[in-house]
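Enquirer: Chain by chain, the residues:
There are 4 protein chains.
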Amino acid sequence: MKRRVAVLGATGIVGQRFVQFLADHPWFELELVMASERSAGKIYAQAVTWVLEKPIPKKAYELKLYPIDIDLVAKEKIDIVFTALPADVAKELEPQLAKKGVMVVSNASSMRLESDVPLLNPEVNADHVDAIEVQRRNRGWSGAIVKVPNCTTAIATLSLKPLVDVFGVGKVIVSTMQALSGAGLTGVPSMFILDNLIPYIEGEEEKVENESRKILGTFNGNNIEFNKEISVTASCHRVMVLEGHTEAIFAELKSKTSMDEIIKVMEEFKSNKIKNMGLPTAPEKPIVVRREIDRPQPRLDRLEGNGMSIVVGRVREDKTLNGVKYVVLGHNTIRGAAGTGVLIAELLVKKGYA
Amino acid sequence: MKRRVAVLGATGIVGQRFVQFLADHPWFELELVMASERSAGKIYAQAVTWVLEKPIPKKAYELKLYPIDIDLVAKEKIDIVFTALPADVAKELEPQLAKKGVMVVSNASSMRLESDVPLLNPEVNADHVDAIEVQRRNRGWSGAIVKVPNCTTAIATLSLKPLVDVFGVGKVIVSTMQALSGAGLTGVPSMFILDNLIPYIEGEEEKVENESRKILGTFNGNNIEFNKEISVTASCHRVMVLEGHTEAIFAELKSKTSMDEIIKVMEEFKSNKIKNMGLPTAPEKPIVVRREIDRPQPRLDRLEGNGMSIVVGRVREDKTLNGVKYVVLGHNTIRGAAGTGVLIAELLVKKGYA
Amino acid sequence: MKRRVAVLGATGIVGQRFVQFLADHPWFELELVMASERSAGKIYAQAVTWVLEKPIPKKAYELKLYPIDIDLVAKEKIDIVFTALPADVAKELEPQLAKKGVMVVSNASSMRLESDVPLLNPEVNADHVDAIEVQRRNRGWSGAIVKVPNCTTAIATLSLKPLVDVFGVGKVIVSTMQALSGAGLTGVPSMFILDNLIPYIEGEEEKVENESRKILGTFNGNNIEFNKEISVTASCHRVMVLEGHTEAIFAELKSKTSMDEIIKVMEEFKSNKIKNMGLPTAPEKPIVVRREIDRPQPRLDRLEGNGMSIVVGRVREDKTLNGVKYVVLGHNTIRGAAGTGVLIAELLVKKGYA
Amino acid sequence: MKRRVAVLGATGIVGQRFVQFLADHPWFELELVMASERSAGKIYAQAVTWVLEKPIPKKAYELKLYPIDIDLVAKEKIDIVFTALPADVAKELEPQLAKKGVMVVSNASSMRLESDVPLLNPEVNADHVDAIEVQRRNRGWSGAIVKVPNCTTAIATLSLKPLVDVFGVGKVIVSTMQALSGAGLTGVPSMFILDNLIPYIEGEEEKVENESRKILGTFNGNNIEFNKEISVTASCHRVMVLEGHTEAIFAELKSKTSMDEIIKVMEEFKSNKIKNMGLPTAPEKPIVVRREIDRPQPRLDRLEGNGMSIVVGRVREDKTLNGVKYVVLGHNTIRGAAGTGVLIAELLVKKGYA
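Here the protein sequences line up with chains A, B, C and D, keeping their order. The opening position of the first sequence corresponds to residue 26 in this note's numbering, with each subsequent residue numbered one higher. The opening position of the second sequence corresponds to residue 26 in this note's numbering, with each subsequent residue numbered one higher. The opening position of the third sequence corresponds to residue 26 in this note's numbering, with each subsequent residue numbered one higher. The opening position of the fourth sequence corresponds to residue 26 in this note's numbering, with each subsequent residue numbered one higher.
Some hints could be false.
One copy or two, it doesn't matter: identical chains are merged, so the pair holds either way.
Keeping only pairs whose Cα atoms sit at most 30 Å apart, straight-line, the calculated DSBU-like set for lysine-lysine is [unchecked claim]:
#: 1; residue 1: Lys310; residue 2: Lys84
#: 2; residue 1: Lys344; residue 2: Lys281
#: 3; residue 1: Lys289; residue 2: Lys79
#: 4; residue 1: Lys344; residue 2: Lys253
#: 5; residue 1: Lys79; residue 2: Lys310
#: 6; residue 1: Lys279; residue 2: Lys253
#: 7; residue 1: Lys67; residue 2: Lys310
#: 8; residue 1: Lys124; residue 2: Lys298
#: 9; residue 1: Lys253; residue 2: Lys281
#: 10; residue 1: Lys84; residue 2: Lys281
#: 11; residue 1: Lys300; residue 2: Lys79
#: 12; residue 1: Lys279; residue 2: Lys100
#: 13; residue 1: Lys289; residue 2: Lys67
#: 14; residue 1: Lys289; residue 2: Lys84
#: 15; residue 1: Lys295; residue 2: Lys79
#: 16; residue 1: Lys79; residue 2: Lys67
#: 17; residue 1: Lys83; residue 2: Lys295
#: 18; residue 1: Lys344; residue 2: Lys279
#: 19; residue 1: Lys289; residue 2: Lys83
Hint data in this document are derived by calculation from the structure and do not stem from the laboratory.
Generate coordinates for the entire structure from the input sequences, incorporating the hints supplied.
Expert: Here it is, written out as structure tokens:
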């Protein structure tokens, strides 16, 4: 039986991706879409400024758009709520939903670092999901809140995970070239970015540095411990690309190896935590490694694995750090947001939490 | 008395910048412009596809364009030749010119790493110019070859120099977002870069890693020794910007300090090797530090100091590397090529080499 | 039984589109791909710089790439050759192929205006196909040459056809904003077009003005007569868009009507010459009319009808011309080139010519 | 003695241009800058998001920014107010200023078509300025309101004026490719325009069609009569260009002529209404004609004549319209807004109105 799901913040760019992934999902039925007062009352197709590469799914086209309303979520017996809300709104709202017994899969940055809140990049740390039990105990909730990582961090940690497991990783330097969609539909005025780039994204570097250590950490039955071996520093920049974050990563490795071995370890990704679970949105190959000298490129590679694979290229030795440097690309609103949110929800169903 | 100068490779984008800086120069008289056979015989304004922000200088407009011809350079009694030639052409041609007594200021990458060839970023290592005497002795030339650094390296080393002098620098990680002009007038087809970026620039990373250590090295009277304390690793990427390379730099510092101190040291730049020399192209402030949270930006900052200043921003502590991270922007065809070439020539005149 | 087909000029952008449309075609088997000497001998995936929104079709991936070779086309018993060659090469080669009995569907501009050469925009003038018989008689060929119209013209004439049939059209003014792909993979350097546009496309305006009158003309059994009622003037401009030509069209109408009536006539398109023929590449709706005030837009609308529909918007009265003005968008390398080429080939099969 | 001037709406993109043109003006002293409540109290440099190609003028840097305040304008004894306000705000405010004796040079679209309000493109219709006397009489004002034309219209009418005077002009078709700056600093989100264009600009086509006929009309001593011979139809489109509107113009001419003659008539522009008046902002050549086949181009030509000249190219015969077609480029925020505003103010001073 399909779970009844809702999207809160359904008209923004992450909201559009949620709608795209949920409208024809084998396990979920999209029952409810909510957005700000301004668009409430309209049908979805009228209210949204749809910008995705494929048209609005037919099932979503005529959905009535409601204002954000917790009681309506409860009344409609929604099993899972996907939120693409601003952090300040989410901070208030999501705990109320969890209290009412709703499973909340949230793309908002609030609460991401709390030790009883799973911050899930499923291939990397699906086992952290069991922190839900601690969370429920701690907070007296019948529902729960599970967080999607920051987009840049989701991409980076997925690429780092096999290296952490096989070689050990110490210092990590991440320098990003991030897509416009990361700032939302209207976040970056064209006058500010044409023939230009903006070397600053509010809060982004701290998110990468902190969330990485949590995602690559361990759940010890009581709380999620941050990884203490890894130390991440980031510099984040906005460039003129519609979708797809590109990251130059430099990583110190604890044991010596060859570039061929690194590529093999990434492609095989033996420690993938959701291997063979049969989750519909899981990509066949979470990490695709390209050998061409000038890949990955956002326009050409962002839809790899339906946008759920990350694409690694230019794997080369780094003598300065005694390790490796490479370039990784991921689709920021799919792998880095809505797609991973849906994958998390599938994991929740599989594990019996939803 | 003005020196008689020539530009070889005068129609490309670096050639255009040389012409722009030389046409009305107080110390130099632009006597000769040369380019490939194809455009020879035309006047300069007809042959060039001029793309700079200001029109072709009047003095250059009607200059006759000759094919590359060493004998004509000699016959015209040219004192200084500025070359913006492909490396393979330069490799053959420049030694012949030096042998004939011409002072060659070259933007080509050939010979940049040879120990008797000054690789000059004047504020950083003007004293390396005296390697000319070694070069002449070694090679039996009456002229000489002096090299302009790779564009990315010129910008990076200028920003690093005060840190090296005051605090000591170890590991350096450089991740770049480079302008289209770096690939020449027609180097990057628009179909390849629109809504995209290209995470590879041929040979660039090696240049940054090797040239940095030479520029930040020392001339010991016999040869130029590479800096052995510093270790540079680079990842280089092309983005949709016309002019201006942006670099995210992460640097390990040998001694503890504060961010305010770092900014002060950069702005004061006490070890500037050409301070008070009165070179016309030297910018008043080689390093401009901006305090706004989202600067430097290429379109807004690239013409700082007539394109000869670099602009540093986002100076912040780097705990991973025990040092600092910052963003630096420089004009790649001015500070990173022709402008620095002209500044070098001014230094040569001042020092009596030309 | 599937026709054996070949693509000549298979690595350019129109060649890529031909390969994309032919690799899994129900009526055609892609047997042979040919390109310039330079890439010959490689497999297709190695030789091509693939830039389309979907990956290289599996069937084409491993095809061996041959140099252009008429004898090999004959030897391989190719039924239909699709050419995406430069006009000067096509001019020599295509008649030789036709002489050898091959049916040539050509995207090259050579011979487009000759009175016994069908210039086919199938919905508009499928009946001109019978000029093949005249062509064979005139030239003694067992094969034939059929031409795909200029991209801009294909889009414009499809939008004009229902107006011509129902209301009569006199003066037509066409002002275009054309995509980069129209100049080929490397035709427009990024340095020339970023923060810019180029108000000139070689030969384009003449093509629009002349080809329109032929496509909207009539085949009288002996030759194709140009439409004499219509008079077209064009101004053609290149803008920073990857794919999709946008055209502002102003048309004088011979009889009075309302905007609603014009929209209805376009949407119904009763005189569509291939209606109900069952051609696989024919779009369900050749002309899609959008009511939103700011459509069509190239990025959002170019793939309408798999790229074979044109999208019309902003239909409004034109008092200056006593007629109508509207904006029309079409996919230049699909509707304006390869897609229409394949549709023509389907028509040839249906009509028994191939 | 310098006139005391103020800019209302000083932080927007047209406001920035006003400040740029006024800060070092020989006849005007910039005394006051005003903007919305939000930025009031800050100094200008802090409040503005400056995007122009040159830095903020030193004189404007430290100016205190006030909220819009009519009484303060009066108290400061401002002679001329330049307004870059939204039309609805301007509609209320400007008449109050005029009533208080202030000369208002307004870039807002309100009141542009009223018959006693001069709509001035000085080279074209400087003589309409005398309608100020009628306006004062009609409305009982001691000050007055004078309007800057719509940007697209200012450029178009300047190019058409010599043709109207020498050959006579009937039907005119204008198809535009307009810059992002026309929509203001944040008007066009990058997600909406990258790899795209928007074929609609609110109200623009009506402005071009109506204002053209007023500007090219005549002041008969009592009111300004619209030109009845000319009939303009426009289609307006937004493209990915920072500054500079490009317009394809097709014009029916009443008398036969040659293209050489048309070019001559444009370059000479004998009927220029402000020739030899010595206005500081008047460009030496209001119309520059380029002979290259692919000009004008916005990035290369927009700053011609300090942004006050328009650049015409591709002058060619139009057989469909019995006339001429050409491409014209003008700087939309200089020639099409603030620059023309300042030129108008100079005319007002010269004529004794301010």
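Enquirer: With reference to the structure, classify each hint as holding or not holding.
Expert: Here's how the hints hold up against the structure:
1. Lys310 with Lys84: both (29 Å within a copy, 22 Å between copies)
2. Lys344 with Lys281: Answer is both; intra-copy 11 Å and inter-copy 24 Å each pass.
3. Lys289 with Lys79: between (34 Å within a copy, 26 Å between copies)
4. Lys344 with Lys253: both (23 Å within a copy, 14 Å between copies)
5. Lys79 with Lys310: both (23 Å within a copy, 18 Å between copies)
6. Lys279 with Lys253: both (14 Å within a copy, 24 Å between copies)
7. Lys67 with Lys310: between (40 Å within a copy, 28 Å between copies)
8. Lys124 with Lys298: Result: close within a single copy only, 29 Å intra versus 64 Å inter.
9. Lys253 with Lys281: both (20 Å within a copy, 23 Å between copies)
10. Lys84 with Lys281: Answer is neither: 52 Å inside a copy and 41 Å across each miss the 30 Å cutoff.
11. Lys300 with Lys79: both (29 Å within a copy, 27 Å between copies)
12. Lys279 with Lys100: neither (53 Å within a copy, 61 Å between copies)
13. Lys289 with Lys67: between (51 Å within a copy, 27 Å between copies)
14. Lys289 with Lys84: Between. Shortest inter-copy distance 27 Å satisfies the 30 Å Cα cut-off; intra-copy 41 Å does not.
15. Lys295 with Lys79: between (34 Å within a copy, 29 Å between copies)
16. Lys79 with Lys67: within (21 Å within a copy, 34 Å between copies)
17. Lys83 with Lys295: between (38 Å within a copy, 28 Å between copies)
18. Lys344 with Lys279: Both ways: Lys344 and Lys279 sit 13 Å apart in one copy and 19 Å across, limit 30 Å.
19. Lys289 with Lys83: between (41 Å within a copy, 24 Å between copies)
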